[in-house]
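Whole structure, please, built from the sequences with the hints as guidance.
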Amino acid sequence: MHSIDDIRFMARAIQLAGRGLNTTDPNPRVGCVIVAKGEIVGEGWHVWAGGPHAEIHALQVAGEAARGATAYVTLEPCCHQGRTAPCTQALIRAGVARVVSAMTDPNPQVAGAGLKQLAAAGIATQNGLLKGEAEALNPGFVMRMRARRPFVRCKLAMSVDGRTAMASGESRWITAAAARRDVHRLRARSSAIMTAIGTVLADDPALTARLGDEEGVVTRQPLRVVVDRQLRMPATARMLGLPGTTLVFTASNDPLRRLALETAGAQIETVPSSARGVDLHAVLARLADREMNEVMVEAGPSLAGSLLAAGFIDELVIYMAPHLMGETARGLFELPGLERMTDRIELEIHDIRAVGRDWRITAIVKGGSGALTAREAAS
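The opening position of the sequence shown corresponds to residue 37 in the working numbering, with each subsequent residue numbered one higher.
Each hint should be verified, as a subset may be incorrect.
[Stated by the list, open to error] Here are the in silico distance ranges between beta carbons for each label pair:
| no. | residue 1 | residue 2 | range |
| --- | --- | --- | --- |
| 1 | V97 | A390 | 34 to 40 Å |
| 2 | P358 | T306 | 20 to 26 Å |
| 3 | N289 | A160 | 56 to 62 Å |
Source of the hints: derived by calculation from the structure; they are not laboratory data.
In this text, a Cβ means the ideal position worked out from N, Cα and C, and glycines have one as well.
The structure is reproduced here in structure tokens:
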């Protein structure tokens with residue numbers, strides 16, 4: 037049974053974990069609070085991959101006060117040697133008496149073994165406090181460990197009548213500056229930003245995360261991913277000259293086009309083709325192999341529709357602008373085969389809020405993998 041104080045201290049640990057939102061990738065965001073005699077004596081969070089984990093930061097602050105104390109950790113302490121030493125051993129050496137974790141680590145190398153190791157050393161353990169909030173911090177890490185693919189978040193901008201571009205392809209700008217700044221915050225937390233070759237040819241996007249000084253520091257640029265079945269991407273594409281890495285997935289074996297793009301700085305991976313482009317399951321599996329946790333999709337209706345139809349979109353973030361673009365303008369998704377009301381794809385809306393003059397709608401596909409994640413987070 038958890039006390040009100042337990043909830044309060046775990047809530048603080050979750051708050052701390054959120055400070056690593058843009059920096060811990062590919063590791064999970066984790067916070068830790070150490071409490072002795074009802075007072076916080078140490079706290080910390082995981083700042084970057086390869087650096088000390090949250091427990092280590094908190095133990096260093098607590099010092100000798102950690103002996104006999106309770107450690108509140110948003111994720112089960114690790115018990116394996118990775119880039120850093122096991123946190124379980126640090127907690128045991130520090131002499132903590134009790135460890136309360138929010139959730140079991142989905143990493144198969146841990147998966148309950150950390151808590152068992154602590155219990156074997158005589159430390160009281162409890163698990164599951166504010167589990168939903170802890171999982172919500174790490175949807176990509178959880179998805180990658182459980183399903184061996186990244187969490188896919190599809191961002192779209194539309195008019196009130198559901199249009200994303202004029203018939204000519206013109207789309208700048210549907211939304212106002214506040215919504216566009218909000219998109220950069222989503223980019224900054226993402227492991228990768230995915231688009232399609234059509235968007236590259238039409239808009240020549242940068243696909244970089246750009247935050248103001250007051251919004252946080254971007255310490256790394258997300259991997260830029262282009263889905264390009266026929267390898268039509270020009271070697272002069274703007275993103276190839278920007279900081280960070282551009283990865284192109286293609287089904288083409290054209291050696292000259294490949295050489296030109298690689299010379300310009302792109303990385304190329306060949307995947308099988310499909311009826312609507314490339315094999316998106318293979319694309320996501322390759323991104324998981326690269327330890328990509330959260331993939332943000334910013335693409336036109338073809339790629340967005342293919343991902344949605346395949347069941348790979350876990351979350352939709354739709355920015356709705358207060359204007360009308362008319363019936364000839366382009367829609368959000370290409371979804372052939374939806375002819376009857378029973379064919380509809382139902383959504384569960386989780387959040388609606390104003391962002392400047394626009395509205396941001398966050399939703400998941402009802403009954404899809406995103407819905408499963410949401411149910412697990414709420415349990």
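### Hint check, failures only
2
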